[in-house]
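If you want the building blocks of each chain, they are given just below.
Number of protein chains: 2
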Amino acid sequence: MFNNKLLKLFSNSCGISRRFSVFNPTTNSTTRLRQFLIITVGGGTAAYVSYKTYGVAYTKAASNKFMADPITDQKTLNSNRNDMKARMELFIMKVQADFCRALEAEEEGGAVFKVDRWTRKEGGGGITCVLQDGEVFEKAGVNISVVSGTLSPQAVAQMRSRGKKLQEGELPFFAAGVSSVIHPRNPMVPTIHFNYRYFEIQEDDGSIQWWFGGGTDLTPYYLNEEDSKHFHKTLKEACDKHNKGYYPKFKKWCDDYFHVAHRGERRGVGGIFFDDLDTPTQEQAFRFVSSCAEAVIPSYLPLVQKHKKDAYGYHERQWQLLRRGRYVEFNLIYDRGTKFGLYTPGARYESILMSLPLTARWEYMHAPQPGSKEAKLTEVLRNPRDWLGLEGEAH
Amino acid sequence: MFNNKLLKLFSNSCGISRRFSVFNPTTNSTTRLRQFLIITVGGGTAAYVSYKTYGVAYTKAASNKFMADPITDQKTLNSNRNDMKARMELFIMKVQADFCRALEAEEEGGAVFKVDRWTRKEGGGGITCVLQDGEVFEKAGVNISVVSGTLSPQAVAQMRSRGKKLQEGELPFFAAGVSSVIHPRNPMVPTIHFNYRYFEIQEDDGSIQWWFGGGTDLTPYYLNEEDSKHFHKTLKEACDKHNKGYYPKFKKWCDDYFHVAHRGERRGVGGIFFDDLDTPTQEQAFRFVSSCAEAVIPSYLPLVQKHKKDAYGYHERQWQLLRRGRYVEFNLIYDRGTKFGLYTPGARYESILMSLPLTARWEYMHAPQPGSKEAKLTEVLRNPRDWLGLEGEAH
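So the sequences go chain by chain: A and B. Just so we're aligned: the first sequence equals residues 1 to 395 in UniProt numbering. Just so we're aligned: the second sequence equals residues 1 to 395 in UniProt numbering.
Mixed in with the good hints there might be a few duds.
If chains are identical, the list can't say which one is meant, so a pair holds when it fits in one copy or spans any two.
[Claimed, not checked] The calculated lysine to any residue pairs, modelled on SDA-like cross-linking and capped at a C-alpha distance of 20 Å, are:
| # | residue 1 | residue 2 |
| --- | --- | --- |
| 1 | LYS114 | PRO368 |
| 2 | LYS241 | GLY346 |
| 3 | LYS373 | GLU122 |
| 4 | LYS229 | ASP240 |
| 5 | LYS164 | MET188 |
| 6 | LYS339 | TYR257 |
| 7 | LYS121 | THR76 |
| 8 | LYS121 | GLY264 |
| 9 | LYS309 | TYR334 |
| 10 | LYS339 | TYR364 |
| 11 | LYS121 | GLY392 |
| 12 | LYS114 | ALA367 |
| 13 | LYS114 | TYR364 |
| 14 | LYS244 | GLU122 |
Simulated from the structure, these hints should not be mistaken for laboratory data. None of these values were measured; they are calculated from a predicted model.
For reference, chain A alone in the conformation it holds in the complex:
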């Protein structure tokens, strides 16, 4: 059902020019993107476009297509084109703009993202884009932040405790990342989360430690095995281009990380998750992270298009709200990023908490009816599945 060739076949069979299927959303207008996506939805297929990677050689004109001006001034960015800090900043700006425009294109009623560009007195800032109360997306947040300053001794100690070889005490740092959580209105459309980030820490001798982290994971309200397989397959393809060992390792890491421990449930059907990635080279690690981030739209948009008009009723909506309560539990109790953010002095809490759903529900002792669709989801949350049948393969 889902593969990169399907759209081309579909386009050809409908006489639609192939140029639609390999376009660059950064330089194409929103209208054009919308046109394209309505065509695919109208065709009733779950096809999706294979986005061509244009790298990070941005012109000034291209930067006008971002959601707002970059945090770092254009002159500094231009004169540091080869520095990973600048490359990552420009890359996450593009990821943000591409994803926001792609989501807006699904909102036939014209809902758009509210864009807040903010700065942080300790250094750097961010761009927070939120679309709230849309027809398709109840709450969609896509945030980038590019911050620098001094890590507290506590934060350094926390990093040391997970194995980082860092000197003790306060250390200068730089961090740039994109993160997003999308809560659709229709319970048949899953929630997606992704986050890709680059970190640098400078030690007293001037040496720099750098690493990447991130992941993409899916939280359905009703299990659709085909959707889960498509989602994992898209992520696996992004990983496999770089290292055949990445997908199995990062899939397991994701299942372990998104664990609502007190309930013995995973948050969703998983995806990939990794941290402290500093191999094989900075360039190769960046390319891997780029592939992952560019896989977000093709992993998710087809699911939105396929299900956004599915029928549902009060019962399904209530279940969705209960599951959103679990999402809140994970984010506020366990998520390292949320905790790190909220405990950071001067943090912009609205940008951290944009991940929370518009509405959530907690019923005492709720349990799905045995044999129901809700019970089927719960079963998968308790026992993560090997979606692509890789078990037994040598990694």
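Assemble chain B onto chain A, guided by the hints.
Below, chain B without anything else, positioned relative to chain A:
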């Protein structure tokens, strides 16, 4: 408006026998309690009853009025009447039953508490009572737990870090407590929370360290100054019977504890909060805690009765849901009890998370209109008030 004599005056003027105003809800039937309360509500006054303290000399007959059988078997309780563990267990059973019956009496549609008596394989158990989707109470939880076992070295370290002089390592403990959160449906009725607990730890030399902790705090959605003053006055009266220094000290402690730090807001209009209370004697500390727990009904029920039929609309409901989102943030991010509970192996998470509202909402960048009623509440949450005008008094 609110004082202990008002009901007597009201009862006399209406020709109602005074025996209604000094009754023991543990030995009176629910019907009778309901009758009484409907009379006071019907009278359109905010009067409340002064509950007479019957101590803890329970007969077997009285224990039938509890929500369920005590956790410790009756024989052990009877033969340890003078031991604080038994006294506290029986006391919290009574507090639970009184409060549940008083709340049920407000539910004219007949909603009642669902009662779950549970045991814990590591030792002890609890009784969780939840009333959900009532006409007056959207979600009301009243839980008692009586547990014993071995504290982990981490839990002991945490206690030492807050000043407890304990030996390191694993230690046998006993804990008995009642805790409750009431989320009413009408946004004009505040949410209340209270928790009273007794702790014992045994060291290797056989010596016992014991202490009490607890508190009661109010979270209104719309500020009613008269309500806040009544609430604080009732708590102050309970404190003042024991030590004139308690209310000012524990009022400040409450403002400091229920702090949603990332938002710079308190959870509500405060109340009292204390921990590690082991003076002047065990008997006197128990009597103080008893007074506090017995002040819950007179501090809160009049507010329910006064506002449960107030008019409100969509706007007020939405604000209530947003404030409930903040309540969830406090409970899941900061509350020590919730964290301690959820990280305890074998914890009954349904009993811990019964404190969460049925529904909560998060809007990105919501801010009340300047000058609105919502802004007036927010102002008080940012700058806790001296409700009883005690500032400047010598403590």
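Hint check:
Within a single copy, LYS114 and PRO368 get their C-alpha atoms only as close as 37 Å, which misses the 20 Å cut-off; across copies the closest is 18 Å, which meets it. For the homomeric pair LYS241 and GLY346, neither the shortest alpha-carbon distance inside one copy (39 Å) nor that between copies (43 Å) is at most 20 Å. For the identical chains of this complex, LYS373 and GLU122 are neighbours neither inside a copy (49 Å) nor across copies (34 Å), given an alpha-carbon limit of 20 Å. When the C-alpha separation of LYS229 and ASP240 is checked against a cutoff of 20 Å, the pair qualifies only within one copy, where the shortest distance is 16 Å, while the shortest distance between copies is 65 Å.
When the C-alpha separation of LYS164 and MET188 is checked against a cutoff of 20 Å, the pair qualifies neither within a copy, at 41 Å, nor between copies, at 52 Å. Taking the shortest alpha-carbon separations for LYS339 and TYR257, both the intra-copy value of 14 Å and the inter-copy value of 18 Å come in at or below 20 Å. Proximity of LYS121 and THR76 under a CA criterion of 20 Å is satisfied intra-copy only: 19 Å inside one chain copy versus 62 Å between copies. Taking the shortest alpha-carbon separations for LYS121 and GLY264, only the inter-copy value of 18 Å comes in at or below 20 Å, while the best intra-copy value is 41 Å.
Taking the shortest alpha-carbon separations for LYS309 and TYR334, neither the intra-copy value of 33 Å nor the inter-copy value of 39 Å comes in at or below 20 Å. In this homomeric assembly, LYS339 and TYR364 come within 20 Å of each other (Cα to Cα) only across copies, at 18 Å, whereas the closest approach inside a single copy is 26 Å. Taking the shortest alpha-carbon separations for LYS121 and GLY392, neither the intra-copy value of 52 Å nor the inter-copy value of 38 Å comes in at or below 20 Å. Proximity of LYS114 to ALA367 under the C-alpha cut-off of 20 Å is restricted to the inter-copy arrangement: shortest distance 15 Å between copies versus 37 Å within a copy.
Taking identical chains as interchangeable, the C-alpha atoms of LYS114 and TYR364 lie at most 20 Å apart only when they sit on different chains, with a minimum of 10 Å there against 36 Å within one chain. Taking the shortest Cα distances, LYS244 and GLU122 never come within 20 Å of each other, neither inside one copy (40 Å) nor across copies (45 Å).
Of the numbered hints stated above, those contradicted by the structure are hints 2, 3, 5, 9, 11, 14, listed in ascending order.
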